[in-house]
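What follows is each chain in one-letter form.
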Amino acid sequence: MKGRTAIILVAIMAGLFALIACEEEATPAPEATPVPEVESRLETVMDRGTVICASRDDVPGYGYLDANGNNVGFDIDLCRALATAVLGDPNAIEIRLITAAQRGPTVQSGEVDMLVRTVTWTTSRDAQWGNYAQTMFYDGQGFMVRKDLGIDSALDLKDASVCVTQGTTTELNLQDFSNQYDLNITALTFEDTDLVVAAYESQQCDAFTNDRSQLAAIGSAFENRDDHVILPETISEEPLGPVVPHGDEQWYDIVKTVMGMLIYSEAYGINSGNVPSAETGDTVVDRLFGLSGSYGQETLGISQTAAQDVIRNVGNYGEIYERNLGAGGINLPRENGRNALWADARCTDCPKGGQIYAAPLR
Amino acid sequence: MAVIPRGLNYKGIPLWRHTQVIQGALQVISALVAVSLVAWFFLNISGAIRDRDIPYGFSFLSREYQTPIGHHFLPYESSDSFLYAFGVAATNTLLVSIVGVILATALGIFVGVSRMSGNWIVSRAALVYIEFFRNVPLLVQLFFWFYIVLALPQVREGHVIAERIYINNSGISIPWPYAPNLDAGLLFIGLAAIAAFSGLTVHRALVRRETLTGVNSYPVALGISAFVLVAAAAWLFVSVAFGEAPFYVSTPEPQGTFGRPVGGFTAPGGLIALLVGLVIYTSSFIAEIVRAGIQSVGRGQSEAARSLGLPYMKTLRHVTFPQALRVIIPPLISQCLNLTKNSSLAAAIGYSDLTNVAVTMTQTAPAVSIFIMIMLAYLAMSLAYSLVGNVYNRLIRFV
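Residue numbers (this note's numbering), protein chains in the order written: chain A, 1 to 362; chain B, 1001 to 1399.
Bear in mind the hints are in silico, worked out from the structure with no lab data behind them. Where a beta carbon is used, it is the ideal one built from N, C-alpha and C, also for glycine. Only true hints are included.
Not the full set, but computed from the structure, chain A residues with beta-carbon under 7 angstroms of chain B:
1. A101
2. A160
3. G167
4. Q175
5. A187
6. T189
7. E191
8. D206
Below 25 angstroms or equal to it, Euclidean Cα-Cα: the simulated DMTMM-like pairs (lysine to aspartate or glutamate) are:
9. A:K158 / B:E1077
10. A:K158 / B:E1157
11. A:K256 / B:D1051
Only chain A is shown next, with the shape it has when bound in the complex (with noise of 0.2 angstroms):
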């Protein structure tokens, strides 16, 4: 009796799970416009008055936890720049710690308003997960050993055991080199960076794999920085950048127009110093802080003068930068290399060689 009641549940459970396959597949698309009206993004941030961001607390310069604790770094103040631009108030965030591997599902499903958490832009990612707003960090990934292990190039890394972070793309990357170049690479998983982190030190694995930035960032931590060394290969183009839900276009773009008045600001100069509360002269500032002119507040449903709060209270791209992954932060040195601006405004010394580079406002 016990045996077929356990038959007959799998066999409805399987029935069932068929069940939504086959309508996925039955119906491609739904007819004329069934989608009920949802209250768009913007009114539910506007009445919780919080934004909602799942992010991290465990790499320093990205997200980490201040000495009184608060939630500090590169991808928390994304957060409070874009909560500034809609209710104006920067401390008007709530951070949802998440896992890697929690990255994706958590922006699916929508319960956040928004994922700053060290993610690659990937097209599959931008597929499933939701939309990629804006390049805000270049990185790549790369290899960190121990000094007196002697080695000098990633390739020498033959039979190792790589110690990597579950759900990450470092984690296929990883899988990718050492095919390439017949490594024969164990990969040692884990769900926390935390406990990556503490296989290394002991030794359990003999390399750390992880963006280079983060690799930084981590050994800044580390009891003797000295015995440490990273290697001079980037095996991977890792873009950072928020990301957002699919199926809100207006959400969508305020998030890019906001990521767009950090590197926009920066490019003209202005910083959380001198941001204008009257009119310069100067139209592209001028339209930029509210005080003339529009680059579509009206439609994006955010305040006229919102660059003005922005600015104030988080500050440009660049105040941003030096503050977590600059000299007030892991000390990653920012000039002449990928994530400087590509161009100062109007372009009077261009190239500047970097790639950090938004639409124009207007």
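Since chain A is already given, all that's left is putting chain B on it; use the hints.
Chain B alone, transformed into the frame defined by chain A:
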């Protein structure tokens, strides 16, 4: 003229008061309610999945997986399909579960019997063991064992305890048989099973003869000889037929820049921590189940055995334990299921079990589909355990 009594007009109980009809209707109604509840639940999910454009489907299963799997018992290459990779990961979980269940049961019985021991120290030690490991969350224990493993000597120290047995914080490497020719290996395993069977048959026949006739028949020695003889013949046969021995022993040897042992069998640190954690945690529950089982057998039974002159261990083995098994088996099965399901915590300590690998798969495949597969896989494993347990339970029943 006979008068027909009124009572003969009686046409039976009306339908709405008929017990069988009412009961039947209740069954149908409750079945309908249950099915529609479940159906509503799934339709709701599928509707939400469609509304939110969450990818769904199973076409990815034949695609190449292209992602590393840290440790695998079955051969695996990154060019293998998702389905195969899923099977590789499920095999990892299955083996962890089987080995874990065997060890946990053995340890649990040992601790449970110790708990009943007349020796005060032994019984108290068992009590402390049970209460400590039963009351600390498993995840915490797994982390504890993981950090213990990390504290072992490092690979580059090449730590050896005996010839060719390496122990370090990446794992334990031991010599292991390997078959150069898979067909020959499988053939020999099949023949060895036949050898074991014939050994057992000889043993059983001789035991029977001994009990019936009282003639000394040496069942153990002769049974083992029969097994060895048949197995040796099989080995010879396979060696001649395939031109080489079916199995060789491969020994681990440190190789390359990093001195990682290659060859033999290596159980990675995560696997060791996982197994130790699961076995100890589950054994503390099994110990209590064993104690309850033993206590459920009437005291008169063991007293009768003692008065017949049976020593303590024989009383336990031949009188108490067989009766206690009836009480022990059902909750023991549920502990086996728990162990299997708890092995999904492996992701936390870096062992590539089913959940760990499958969660990684959600990066490149639809998460909903993957999780449905994970659930079905665990369900299948648990049902298989229940089946085996229930069959065994039926065998040892009194009536």
